[in-house]
Structure formats: C-alpha cells, structure tokens
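Sequences listed follow chains A and P, in order.
Heads up, the first sequence is in the UniProt record's numbering, so the first residue is 1 and it goes up one at a time.
Heads up, the second sequence is in the UniProt record's numbering, so the first residue is 1 and it goes up one at a time.
Simulated from the structure, these hints should not be mistaken for lab results.
Quick caveat: nothing in here was measured; it's all calculated off a predicted structure.
Warning: the hint list may mix true and false statements.
Stated by the list, open to error - Derived CB-CB ranges, DEER-like: (1) A112(P) x I499(A): 49 to 59 Å; (2) I173(A) x R106(P): 34 to 44 Å; (3) G109(P) x I173(A): 33 to 43 Å; (4) R15(P) x I209(A): 53 to 63 Å; (5) R149(P) x A35(A): 23 to 33 Å; (6) R105(P) x V19(A): 23 to 33 Å; (7) L388(A) x Q153(P): 50 to 60 Å; (8) R15(P) x I566(A): 50 to 60 Å; (9) E143(P) x P34(A): 27 to 37 Å; (10) L388(A) x R101(P): 29 to 39 Å.
Just so you know, even glycine gets a beta-carbon here, dropped at the ideal spot from N, CA and C.
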Amino acid sequence: MPAVAVAAAVLALFAFGYVYYSRYLATKVYALDPAFVTPAHELADGVDFVPTNKHVLFGHHFTSIAGAAPIVGPAIAVFWGWLPALLWITIGTLFAAGVHDFGALAVSVRHKAKNIGTLTAEVISARSRVLFLCIIFFLLTLVNAVFAVVIGNLFVLFPGAVIPVFVEIPLAIAIGQYIYRTRTPALVPSLIGVIGLYFLIWVGHHYPIEITGFADWLGMEPRDVWVVIMFAYTFIASRLPVWLLLQPRDYINSHQLFIALAVTFAGVLVGWDKLVAPAVRGDVPDDSPNIFPFLFITIACGAISGFHSLVSSGTTSKQLDKETDARHVGYMGALGEGSLALASVLAVSAGVAATQVEWEETYATYADASDGATGNFVNGIAQFASNLGIEFTLGTVFAAVVVVSFAATTMDTGVRLQRYIVQEIATILGWRRLSRSLTLAGLAAIALPVFLALMPGRSDAGFAFGTLWRLFGTTNQLTAGLAMAVVAVWVTKRMRNPIAILIPMVFLLVMTTWALFVQLGEFWESPERWVLVPLDVIILFLALWLIVEAAIALRRTVAERRGATIGGSGDSGSAGVDTGSGASGEVSGSETSGDGTA
Amino acid sequence: MNVDEIPTHEARSARHRILMIRPWDMSDGVGAGCCSGGSSKGLCVEPEHHPVRGGTRFDERAGWQPFARAYVALREALPDEADLEIVDPRNHWYLVPTLVRDARRRGAGWLAALRTALRAPAYAAIIVDGVTISSGELLEPDEAVRTVREALQHQRR
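Could you put the whole structure together from the sequences, leaning on the hints where they help?
Here it is as structure tokens:
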C-alpha cells in the first residue's frame, strides 16, 4: 500500500476528529462558554496571564509539546506490524490525547489557571500532590536516561552528526547574543543559523567524529562516553539562563521540525514509497513481549502523553483568550503530536527497507526493533529525502541531527525541570540545603538517570529501549491517568457525562498496571536487571495509589452528585452547576465562576 | 476595569491591531520536548507558586516587570476597537503573515510589506497596524499609552 494513502487517511481522520469529536467534547463534556472570563483576562499581568490569540497560542503550545518522543515509540512498535501501531496512534490521538490535552486545559481555566499538580491536590486529595511529584520525578528520570542513550547511540551510528550538533551550541549562543545585544528582529539571524546548521551537516558528513580510540583509552564503550558527555553538558546547560542557550537552540530546532516534516511528507508524496512492513505481524519470535499491553506503553507520546497536561495547565491556560479557544489549542496540539508519530511510522514501515524480507531482517527480534529504532527512523527519513534528490548518506546525517537536536533539547529541559522537582520535594520535606542549592539539586537531578543509563546490563540487546523505554512509557501514561482523573472528577461535578474521559483513563491504567506486573516478573528473573525491580515496584505502587485515589474521588463525587440531584439542585448540565454554584464540593470552592469571581 | 467590561478578541474590531513583541530575554518557557517542554510553571504544587501581578517565583522573571507594566497600562487605556497582543519574537508563523497583511491593508506594496514583516518584530517593539512606533527599548507605561494613542489617532486621520 502506498505510504501516501495511509498518511492521507490518517490526516483525514484527524480532521474528522477535530471537526466532530472535539466539538462534542467542547459542547457536551467540557461545556465551554464563550462568555466565560478566562484567568488571562481576570488576572492579566503581562507576565504569566496574557490573553492571546488562539493561533499565536497554538504555536507556543505545539512547539512546547513537540519533541523526539513521538518518533522513538512508533519506531519500536511497528515490530508488531504497522497497522496496530497506526491504529493506536490514530485512536489514541483522537479519543485519548485530544480528550486529555483539551481537558487539562479546560479544567485549569476554570480554576484560575492552576496547574495539574495543584489541581490534583484540590480535586483528588491533598496527599495526591506527593503522588504527582513522585510520578513526574520518575518520568523525568527515565526521560533523561533514555534520551542520553538515544543520543549516544546516534553519535556512534551516525558520527557525521557530531560536528553539527556540537557546533550548533556556540552557533545558537552567538545568534541569541547577537539578537539580544543588537535588539534586532530574530527571523533573519535565525534563518542564517539554520543555513549554518545545514552547512555543518555537510561538514559533518565529510568529517565524521568517532571516539572509539578515546573510549578504548578510558576503558569504556563509545556510547557510554557520549552518555557521560551529554550529562556533563546538560548539568552545565541547566545552570545557564534559558534565553542564553536553550531558547536560541530550541528556536533553530523549531525551524528544523517543520523542515523535517516537510521533507518527510514531500518525500512520501514524490517517491510514492510503499509500506513494506507487514500490516499485522503473525510470526513474532516466541520471546517477544505481547502486543497487549506493551503496544500501549511503547507508544506513549504520539498516542497520549501525560506531560502535555503540565504544559496545558502550566502555561497555556494562563494565556487563553476565550474558553472556547481551548478546543483549537488543546485538541489541535494533540493532533500535531499524532502527525509526528505518523511520520515515524511511515519512515520505519516504508522508508527503511525496499522489500518485506529486508524489513523483517531489520525487525527480526524485539531487541533489534528497540535497539535499532532511532537508526531505522533516520534511515527511513533519509530514504524520503533521497526521493527529493538529496544524497542518502547526507540525508542520514540530516535526520540524525534532527533527532539528536530534539533529544538534546528534551534532556536540557528535562534536567532543568527535574532540578525544580527535586527542589519542590526538598521544600515539602524541609530539606532546606537541597531546596536552595542549585548545584546539589542539579546533581540530585542527574544522579539516577546517569545510573540507569550506565547500569550493568546496559549493553544487552533491547535494554535501553526494550526496558527503560517501556518504564518511561508507563510513567508517562500514569501522568496522563492522573490528569484524566482530575478532569473526570471535575466533569462529573459539573453534572456532565464523564464517559469520554473515563474510557481512555481506565484503558490506560489497566494497560500500565498490567505491563508493570509483567515487567516485574521479567526483571526478577533476569540476573542483570534485578536492580530495576525496586524502580518497577515503586512505579507499580504509584499506579495502584493513583487508581485508589481516583476511585475514591470519583465515588465521592458521584455520591455528591446524587445528593444534589435528590435535593433538586442538580439539573443535568445546568448552568448553575457549571458556574460553580451547585453542590460541587471541593471544586466549587476554587472554581472561577462565570463572572470572574471565585 | 471590571472584568465584565473586558472585551474578548472576537468582540473587538479587527480595525486596529497592536502587537507588543516580547523581549528576547523574557521569553516564557524552558524550551520544547514532548516530555519536558513548556515551563516550570506546570510542575509546582505549592499555592504560592501561582503568582499574580508581580509575583516573582523565579528570579529570571523579576526583570519582566517593566514590559508587563506597559502591557497592563495599554490594556487598561486602550479603546475597545484595538486588539492588543503580546507575541514572542520567534513566532514567525504568526508574525510574518500578520504584519504583511496589516502593511498591505494600509496600502503598502508587497515588497514594502515584506520588509516591514522582517524588520518590525525587534526587541520590545510596539507595532500599530503594521507600523513600528517603538523599538529597542522598554517604554514607561505612560509613554507607551501616549505613543500608542498618537499612532491610533494618526491612523484614523
């Protein structure tokens, strides 16, 4: 089947979902009110709270959530065939990610734009904020560990990417400083930066940097040396002001994102590549993980990502001009992320091999699929680029630079945010020295990810992506589960039907818990992975805790709702309850009413 | 101003568009990344970490106040028919077409409109209907209001 037909079908479904399902969510579930005074207006301060045009806000929101994660998961998951991966991406995006991202934004806007962590404490229970912080701590830990390995692998596989990625750092600083000091507009310098980066890709292609000799001298694997270098770099980078390095580099990368998407879809269109991967693979090796539940945690970002709730409720909700804009920004953002995952599936199903036999050799085992995921994506994109006349090996450097740049930005921000989390936890625990010292908090932020990325058994086939990636997926899905529990309780309190949230939430929590139990058995039996047993147990405990908290909160809310209905004040879908005047318990105390008062 | 009186973008006429370009070193967020992007504002669980008007939870944002004061002053002083927007200088997907459209609407040729779009979004620029009325410095609130009012009156003539 031509890849372009699959792309067209999925994009058409996304459009259908936006037009019809997001409208259903907006009107029937979240009951958005165009007259509602949003926190951006109520609290306008020109810093955090700024009413913003929905198109401007969508740009800010999407560039905050787009990254490398929706590339890696699908590149592994096509191991079970392209159809299950694509179905989960499509259904997940439409009915889980869209509901989640949109819902987190809607609930935050009705609560003075508080973030999902604070709302967890208010809506679920006070102790749930600790649960939230713990889940995010492990999510960021695994993100940082996995992406360090992603970068290390890509530098070893595609040494041509080393020069562009590392020279991009001073290049970005120079451009940032130039714009900052001369106070000139950013577009032309940034375009020069992108051109400079592509020149560096050409240089890197001709002068690849391999560190085998240096690694031998250190007695380490080359990949491990890159992992150490990346953590040292991110530790330093996370201490710098964001505008000095992170934002200029992120800015250049945002151009790269659109160029990479354009190359992918244009290459697919011009080359008319066919999907050579089997639609559903019936001959997976016996020792492979089962598609249930592992497909649904292997592809987290791209089908649903809990982290988006932090962006929705942390930043975007403070800038929403009209409540009804939440549909455009939140749901559309999820569709954008799904499009990235779609590009990944196309690259590893149509671009990476010429025939099904060749593809099956590439994806022979789950370990091959997981270890080769990013490399396969890079080769697939290079194939699409070659359809446009770009030399294949040069295309591999181009694609590797795109993935490494995204992964490095993810690590930069991940280490920085982990430092905040460490400080937040230290504040709660009363550990003042840790909460106030950037160095100590920074070291604490990278200690566990460094250990996970370099732990014994790291070189085993399928470790980084077959094992760490799945743990990362579970924590991301738990974050989504927690956010959806908050949204479900809020929707129930407003006398609306929460089924659109409950179904994906229950599905995710079942898959996550199931996967954690299966993995626990695997780790227990593996002599080199037993150190992951405590990590799996902690995450499993967090999952069970979350399920209990969500169940209690929902039960309590349903009881309150019944009481309100019997008492005569609970007209289904009534405006009275919507504006926080009904028997809405904890929520009503903080929910902003329609006239902008609490 | 009572919150009931605040017009939404839809309620305002598109006749006048005022863009405030957020200074380069005051950009929100910590960068992109599917599982780490956005801003630290999504992570805090302490109620006092939701500052409103002048709260300085994070040191680097204390320097934002002059720009914020000018925005708040403009917002409170502006006539209803003006649409006030803070835009990040990196947001070219919005800025370029918007500035070209505004410049074209006031009669500029395509080349001149494109030149405006490339040159206008400088540091702390205030752009009224595609015309840059201040750039390169942070205006005091009163000065910002006076300058914008003059520009709006000039546009009406």
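Checked hints:
1. Remark: the range hint 49 to 59 Å for A112(P) to I499(A) is upheld by a beta-carbon distance near 55 Å.
2. The given range of 34 to 44 Å is respected by I173(A) and R106(P), whose C-beta atoms sit roughly 38 Å from each other.
3. For the pair G109(P) and I173(A), the beta carbons lie near 37 Å from each other, so the given range of 33 to 43 Å is met.
4. R15(P) and I209(A) have their C-beta atoms about 57 Å apart, which keeps the hinted 53 to 63 Å range intact.
5. Taking the beta carbon of each, R149(P) and A35(A) are about 29 Å apart, inside 23 to 33 Å as hinted.
6. For R105(P) and V19(A), the hinted distance range of 23 to 33 Å is satisfied, since their beta carbons lie about 30 Å from each other.
7. The beta-carbon spacing between L388(A) and Q153(P), approximately 52 Å, falls within the hinted interval of 50 to 60 Å.
8. Roughly 53 Å separates the CB atoms of R15(P) and I566(A), a value that falls within the hinted 50 to 60 Å.
9. In this structure the supplied range 27 to 37 Å holds for E143(P) paired with P34(A), their Cβ-Cβ distance being about 35 Å.
10. Checked against the given bound of 29 to 39 Å, the beta carbons of L388(A) and R101(P), roughly 31 Å apart, stay inside it.
Consistency note: the structure conflicts with none of the earlier hints.
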